[in-house]
Every structure is written in structure tokens, then in C-alpha cells.
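**Q** One letter stands for each residue in the lines below.
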Amino acid sequence: MAEAAPAPGAATEGADRPLRVDGLTKRFGGITAVDGATFSVDGGSLTGLIGPNGAGKSTTFDLITGVQQPDAGAVYFGDHEITGLRTHEIARQGLVRTFQITRELPEMTVLENVMLAPHGQRGERLWQSVLPGLRGKVVEEERALRERAWETLEFFELDHLADEHAGTLSGGQRKLLEMARVLMTDPSVVLLDEPMAGVNPTLQEELMARLHELRAEGLTFLLVEHDMDVIMSHCEHVIVMHQGRVLAEGEPAEIADDERVIDAYLGG
Amino acid sequence: MSVADATDRLRDVFDGNDVRLVVGVFLGIYVTFIAVSVLLGFDLNGTVNTLRRITFLAAAYALLSLALNLQWGYAGLFNIGVAGFMAVAVYTTAILAGAPTASPPGLGLPLWAAAIGGMVAAAIVGAVAALPALRLKADYLAIVTLALGEIIRISVLSRTFASFSVAGLQLGTGGGQGISIPDNPVRGLYYLDPSNPTAGTTPFGSAAFAFFDTLTVPFFSGTGVNQTVVVGWTYALVLLVFVGLFYVLLRRIGNSPFGRVLKAIREDELAAQSLGKNTRAFKIQVFTLGCALMGLAAILWQGSQGYTSPGEYLPIQTFYVFIALIVGGAGSNTGSVIGGAVFAAFLFEGPNFVKRLVGHLFDLGTAPNTIVDAVVPIASLEIGPFLTYVIGNIEILRPVFLGVVLIYLMQRRPDGLLGHRKEIAAAVDLSKRGETDG
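Residue numbers (my numbering), protein chains in the order written: chain A, 1 to 268; chain B, 1 to 438.
Careful, some of the hints might be misleading.
Computed cross-link-like contacts, EDC-like style, restricted to lysine to aspartate or glutamate with a CA-CA straight-line distance of at most 16 Å [unchecked claim]:
| hint | chain 1 | residue 1 | chain 2 | residue 2 |
| --- | --- | --- | --- | --- |
| 1 | B | Lys355 | B | Glu395 |
| 2 | B | Lys432 | A | Glu147 |
| 3 | B | Lys422 | A | Asp163 |
Output of the computed footprint for chain A on chain B, the stretches with three or more beta carbons under 8 Å from beta carbons of chain A [claimed, not checked]:
| hint | stretch |
| --- | --- |
| 4 | 80-87 |
| 5 | 246-257 |
| 6 | 260-272 |
Here are a few chain A residues that face chain B, going by a calculated C-beta distance under 8 Å [claimed, not checked]:
| hint | residue |
| --- | --- |
| 7 | Asn53 |
| 8 | Leu111 |
| 9 | Gln121 |
| 10 | Glu205 |
Read the hints as simulated data drawn from the structure, not as lab findings. Quick reminder that beta carbons are idealized off the backbone N, C-alpha and C, glycines included.
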């Protein structure tokens with residue numbers, strides 16, 4: 001069940017529980033979207049974050065990734081606090097997310113979308129891309145990146161769409177593109193907001209298998225998903241949110257039997 | 001390096017098809033205006049001079065729309081203060097390069113140093129405007145730049161700044177009377193004393209003038225091309241060289257990871273931030289660079305005439321650049337060049353030539369004095385007075401005409417004359433694969 005808030009700042013905690021959220025609160029006018037949410041995510045885990053619509057899951061993601069600033073509470077990533085940092089600073093540290101409503105870059109091709117992602121590209125510095133002596137190295141790096149991007153697209157079965165504008169993709173393909181993009185940033189913790197919506201069942205299984213592989217390599221996933229089968233069969237730990245609070249936490253089997261969770265889903 | 005190597009390299013820098021496109025557009029413009037000149041009965045000198053003016057304006061607008069394309073087309077930064085940044089650059093150059101004895105006095109720096117100073121000044125003003133505005137939503141940048149552009153124009157017009165002293169140095173903007181800019185170096189190519197043609201010509205100048213003075217071309221009346229036209233054409237060609245330089249620079253910026261981030265910012269800034277891109281830093285860099293390039297374009301433009309005044313920097317100037325870019329297609333560098341040329345030739349100069357042509361070929365009689373006198377006869381199916389009125393007042397009606405063109409383009413061809421273009425933001429060819437290819 002819900003544990004006490006971990007002591008912030010302890011180095012061992014940082015390694016074992018790379019993402020910790022403590023008393024996170026966000027109000028929109030009179031509505032409290034997130035109301036003192038406290039939880040932590042184990043390193044190398046595939047943790048599910050579930051709850052009925054309006055439970056505050058997506059807002060929690062926004063608060064963790066700096067898209068919105070919390071009214072109270074703190075977010076810890078590794079062994080330091082990241083509350084109040086800007087979105088790009090958080091992403092650069094290795095904590096990235098996908099969006100429930102996909103944010104593909106519609107007028108850019110699928111390949112461009114994926115090539116955008118890696119951090120610290122040499123050619124992102126203006127003078128490196130422009131000056132004759134330095135441009136060569138940028139081109140070299142781009143070649144290697146192009147190959148890596150193709151491999152990623154092949155894995156996500158998007159390679160046949162590489163030259164298409166991302167805006168022409170179907171809903172499921174956009175979800176895949178977003179996942180491909182965040183993985184290109186070499187993250188350590190990935191927040192996935194309903195990644196399986198609209199993705200065909202065969203590919204869903206392959207994707208989950210891939211997530212397990214990446215997990216074995218040390219990546220940590222926090223997954224918001226409405227498909228209970230995915231949660232029950234793939235997550236070892238599940239956090240249930242309801243009305244902005246953490247209602248229950250535990251193994252999938254425990255959660256499935258929890259009266260409070262059932263009540264929450266049935267509108268109790 | 002063999003010729004083939006050189007053309008290959010050239011093709012790497014410019015896209016082969018795009019170069020053909022631009023050359024084709026320029027040829028089309030030249031053919032049209034040669035035909036117009038012939039119909040108007042211009043002699044050889046007049047025709048060459050017409051083409052000079054068209055080339056000059058086309059290059060000037062191409063430079064400005066390339067700079068605006070960097071800000072608006074690539075990064076989606078809506079800068080409605082183009083004229084203001086132009087003014088900052090030109091006035092700074094004029095003040096830095098002006099002779100200390102002139103009125104208003106300047107600092108007497110060499111022209112190249114003054115031009116760099118002008119670009120830096122435009123960049124700094126751009127950065128100062130952008131720093132607070134880029135933190136806010138996109139619309140605020142538009143409002144801030146529009147206001148700033150007018151503040152700058154009204155400031156240089158103001159009598160307060162017409163003459164002032166800084167740290168003991170007497171400087172000034174000249175107020176409503178304007179300020180002189182040192183003679184452009186191209187004149188120095190032909191004349192011993194750039195400011196005084198009668199003082200003699202350089203050996204190159206003598207040879208060139210001798211050649212053009214006796215030039216005859218079949219089908220054209222008259223002999224020879226004036227010295228001023230020859231010098232003017234040379235200046236227009238220098239501008240075209242700068243168009244090429246701008247184009248190469250912008251292509252490099254666009255086809256790079258930097259350009260990719262700019263495109264991402266235009267498409268969805270939050271998505272770019274979520275991938276770890278410090279979008280604010282990118283926006284400030286690109287805005288500042290865009291302002292510096294606008295500044296250089298303006299210096300080159302105004303530098304041709306040895307004099308500039310606040311009237312050159314009215315907000316309409318900004319909208320002209322926007323129309324040029326929209327005609328060509330925002331987001332495309334090739335489109336920016338073509339848009340600049342088409343705008344200058346057909347939309348900016350075109351109406352004037354239509355008026356002269358119609359006046360030359362038909363006897364229109366006197367135009368009605370007011371729009372009411374022009375419109376009322378339409379009720380009785382007489383459109384003659386209306387047409388005469390429109391032709392007679394075509395310069396005054398140009399903004400109306402441009403507005404109609406803009407509405408039409410927005411509805412029919414929102415991506416510009418070239419239609420939707422896929423300009424890929426990467427330093428390598430994305431249609432190829434492998435570690436060694438492209």
C-alpha cells in the first residue's frame with residue numbers, strides 16, 4: 001500500500017527510485033486536478049498509472065515534465081529535485097514523455113521527426129551548421145543519425161512512411177512515432193501517456209516486448225493506459241489515481257481486487 | 001578543379017532545379033519588360049534602364065524576403081517591424097560612415113565597418129525586442145515589433161534626434177530631411193572621385209563607358225547606354241551576388257539540425273521542448289540573425305542612392321516584404337527569391353507600367369475626379385469612366401490592388417506560387433541511406 005514519502009535527496013533512493021513525486025498539487029480555478037499526489041517509480045520497472053477519466057494522470061505528467069508548474073509539492077529525479085525546471089531542462093536530464101493527444105510535427109517528415117530528437121546534436125549550434133570548416137563534421141554526424149533513425153523506424157514499422165509528412169499518419173502511427181522519437185533521446189525514464197491507443201494488437205505485443213527489452217537495459221517506464229489487459233499483464237507495479245490523489249498502489253492482482261479501485265471505476 | 005567538378009559543387013550548394021526555376025522567372029520578367037519597353041517606344045538606353053530598375057528592386061525584395069523567411073517561414077516568428085530594423089541598420093551605417101564635417105555629422109568610419117555596425121545595431125535592437133516578447137505567446141511578438149518599427153521611424157523623424165551629442169561627439173539623424181549615406185563603392189569602380197563623375201573615370205570605367213556608349217542592339221532604336229545606367233546595372237548585379245550569398249547561408253541554416261529545430265518550433269513548440277530543445281534560445285538566435293540580414297539588405301538597398309529619409313520606413317514597407325514572401329511561399333528559400341522578383345516586377349512596378357502602357361496605346365481622355373464620379377456611371381453600364389479612374393490613380397490604388405492579390409493568394413495558393421514544397425531540414429539527403437551516401 002501507499003508508502004511514506006521517500007526521504008528526498010538520498011543517493012541510494014535516487015538509483016533505486018529514479019522518479020519520486022511528493023505531495024504534488026495543481027489547482028485550475030476552483031478545481032483541484034492533482035491533490036497531493038505522492039508516489040515513486042522503481043528503477044528499471046514498468047509501472048502502470050491508472051485511474052478513471054479526470055483522475056489527474058495527464059496533469060501529473062505535465063507537472064513532472066515542467067509543462068505546468070505545481071502549486072505545491074515536489075518532483076525528484078535521480079537524486080535531485082527537478083520541480084520548477086523548464087521542460088527542455090528536464091528532458092535533457094533523461095526524463096521524457098509522450099502525449100495523450102499526440103504532438104507529432106505535422107509538416108515535417110516522419111524521418112525528420114525522429115532525427116530531431118537526439119540531444120546535443122553538433123549541428124544544433126548555428127555556427128557549426130553554417131561555417132565551412134565545421135559543416136563537414138555536422139554532415140558526418142547527420143549520416144550516422146540518419147542510419148540510426150532508419151533503424152528506429154524499422155523497429156516501429158514506420159520505415160515505409162519515412163518520407164511522409166507526420167500529419168498524414170493515422171492515430172496509431174502517430175503514437176508509434178512519438179514513442180520512436182522519445183527513445184531517440186536516450187532517456188532513462190519515459191512517461192508514456194496512453195501509448196497503445198489506436199495501435200493494432202499484434203504491434204502492441206511487439207511494442208510491449210520491446211519495452212521489456214529496454215527495461216532490461218535499465219530504462220524505467222511509467223505508463224498511463226486505459227487498456228487493463230496491458231496493465232495487468234505487463235506492469236509489475238500499479239498506481240491508481242482518483243480525484244487527483246493516489247488511491248491505491250500495489251501489484252496488479254492486488255489492485256484488481258481492491259474494493260476502492262472498483263468503486264472508483266464504477267463511479268462510487 | 002575541372003568545370004564538371006565546379007558545376008557539381010555548385011549543384012550541391014544550389015538545387016539544380018531550383019536554379020533553373022529562378023533563372024526562368026528572371027528571364028520571364030525580362031522578356032515581359034523588354035516587350036513593354038518596346039511597346040512604350042523606349043530606346044535602347046530606356047529599355048536597359050527599365051531592366052536595371054526591375055533587377056535592382058527584385059534583388060532588394062529577394063534579400064528582404066529571404067531574411068523574413070528565416071524568421072517567419074522557418075521559425076514562425078511573426079515580425080511586423082521589418083521596416084524598423086531596416087531603419088536602424090541604415091541610419092547606424094549613415095551615422096558611422098558620414099563625414100564629420102557633414103550635416104548631420106558622422107563618425108567618418110570606412111563604409112564596410114559602418115555596414116557591419118549597422119547590421120550589429122539591427123541585431124541588437126532585434127534581440128532587445130525579442131527577449132521579452134519571445135517569452136510570451138506568438139501574437140505578442142507581432143504587436144511588439146509593429147510598435148517598435150513605428151517608434152524607430154518616428155524617432156528618426158523627430159527633431160529631437162535630428163542633431164544630438166554623445167560624449168562630446170556631434171551626431172544626428174537629420175530628422176525629416178533625412179541623412180546622406182556615403183557613395184556606394186561601385187561608383188569607385190568607374191569614377192576616380194565617386195562623388196564627382198566629372199573628375200574623370202578609372203581605366204576600367206573608361207573602357208566600359210566607351211563600350212556601352214557606342215553599343216547598338218538590333219530592333220532597338222538609339223545608340224549607347226548612359227553612364228549612370230551602366231553604374232546602376234553594376235550595383236544591381238552586386239545585389240544579385242548578395243542574393244546568392246543569402247541563399248547559400250539560409251540553405252545551410254535550413255538544411256541542418258539547427259533548421260530542424262526551427263521547423264519544430266514553428267510546428268509545435270511544446271513538442272520541441274519535450275525533446276529537450278531550448279526553444280527560447282533558438283528563437284532569439286534566429287530572430288537576431290534575421291534582423292541583421294534585414295539590416296544588410298536595407299543597407300545595400302538604400303546605399304545605392306546616397307541618401308535616406310524616414311519616409312522609406314513606413315509600415316507599408318514591411319507589408320511589401322510579407323507579400324513578396326507570401327507570393328513565393330513562406331518556408332521556401334527558392335520561393336523567397338522568386339517571390340521577391342515577382343513582387344518587385346509585377347506587383348510593385350507592374351501597375352505603373354500598365355498605366356503608362358494603357359495611356360500610350362489608348363486615348364483615355366480625362367479621368368473622373370472622384371471615385372464617386374467613376375463608380376456612378378457603372379449603374380448605367382458605362383464602365384469607361386471607372387477604368388479611366390483606376391488607370392489614372394493606379395499608384396494610389398496599389399495598396400488596394402495588393403490587398404486583393406493577398407486575399408486571392410491566401411484562398412487559392414496559401415503555399416505560394418510554387419505550391420507546397422518539401423524542403424527537408426537535414427544536412428544529408430534523407431532519401432538515401434547508409435553511412436557513406438549523400
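**Q** Which numbered conditions among the earlier hints are violated in the structure presented, ordered from lowest to highest?
**A** 4, 7, 10
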